[in-house]
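Novice: With the hints as your guide, set chain B onto chain A.
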Amino acid sequence: SQTIHQWPATLVQPVGSPLSLECTVEGTSNPNLYWYRQAAGRGLQLLFYSVGIGQISSEVPQNLSASRPQDRQFILSSKKLLLSDSGFYLCAWKDGRGGELFFGEGSRLTVL
Amino acid sequence: GNSVTQMEGPVTLSEEAFLTINCTYTATGYPSLFWYVQYPGEGLQLLLKATKADDKGSNKGFEATYRKETTSFHLEKGSVQVSDSAVYFCARPDTGRRALTFGSGTRLQVQP
Numbered sequence: 001s002q003t004i005h006q007w008p009a010t011l012v013q014p015v016g017s018p019l020s021l022e023c024t025v026e027g028t029s030n031p032n033l034y035w036y037r038q039a040a041g042r043g044l045q046l047l048f049y050s051v052g053i054g055q056i057s058s059e060v061p062q063n064l065s066a067s068r069p070q071d072r073q074f075i076l077s078s079k080k081l082l083l084s085d086s087g088f089y090l091c092a093w094k095d096g097r098g099g100e101l102f103f104g105e106g107s108r109l110t111v112l
Numbered sequence: 001g002n003s004v005t006q007m008e009g010p011v012t013l014s015e016e017a018f019l020t021i022n023c024t025y026t027a028t029g030y031p032s033l034f035w036y037v038q039y040p041g042e043g044l045q046l047l048l049k050a051t052k053a054d055d056k057g058s059n060k061g062f063e064a065t066y067r068k069e070t071t072s073f074h075l076e077k078g079s080v081q082v083s084d085s086a087v088y089f090c091a092r093p094d095t096g097r098r099a100l101t102f103g104s105g106t107r108l109q110v111q112p
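Heads up: the sequence lines are chains A and B, in that order.
Here the first sequence is numbered in this note's numbering, starting from 1 and rising by one per residue.
Here the second sequence is numbered in this note's numbering, starting from 1 and rising by one per residue.
Chain A extracted, bound-state conformation (with noise of 0.2 Å):
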């Protein structure tokens, strides 16, 4: 079966200071990747998806950036992190037959 693992689950950090987020999922190959970010009480904003290793696509422009060096990792970054970026991270992966997302457990990023 398939699974997706996101960490770190939580993470405090000042201004300023680098982020890296990864996520793999593992059970499935080639699928669709994607990052969304959930701010306090409201609803999920697509960040990045990619269709296949080295493919990513901008959905918002902002202070993050995606990457995807292999088939199953998928990694979020900043090299200077706003009071802004604050908020609920969530990776999810889609395959090529079905048009449902499957979601990991998230990663709260507080940036003070």
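Source of the hints: derived by calculation from the structure; they are not laboratory data.
Some chain A residues judged to face chain B by a derived CB distance under 10 Å, without partners named:
1. Y34
2. Q38
3. S57
4. C91
5. F103
6. G104
7. E105
Taking lysine-lysine pairs in the DSS-like style, the calculated list, with each CA pair at most 27 Å apart, reads:
8. K77/B - K60/B
9. K94/A - K68/B
10. K49/B - K94/A
Given the structure is predicted, the values throughout are model-derived calculations rather than measurements.
Every residue, glycine too, gets a C-beta built ideally from N, C-alpha and C.
Specialist: Frame of chain A; chain B shown alone:
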């Protein structure tokens, strides 16, 4: 673009009450429709889905019927439990069908 509109919460109910959470979508074709649930501190889980008009998705006592006449996919449950307290998101494929567009979420609070 494609969008989803949900009723605002929070919705507060007593245990065993009937639940309806409204969801409407923009009518571009006949997209698959989804309901996701998010328990506190966790990622999103797929609750149910419907892939064509008049389909009824169901799971864990929840139901939703894909109604093209009213472009709606309302979530219902006949008798809610305290354990159903969570945030519920309605979703549909976005333009290009690469990712999902989510509604703003509806928080459900069930009191004993």
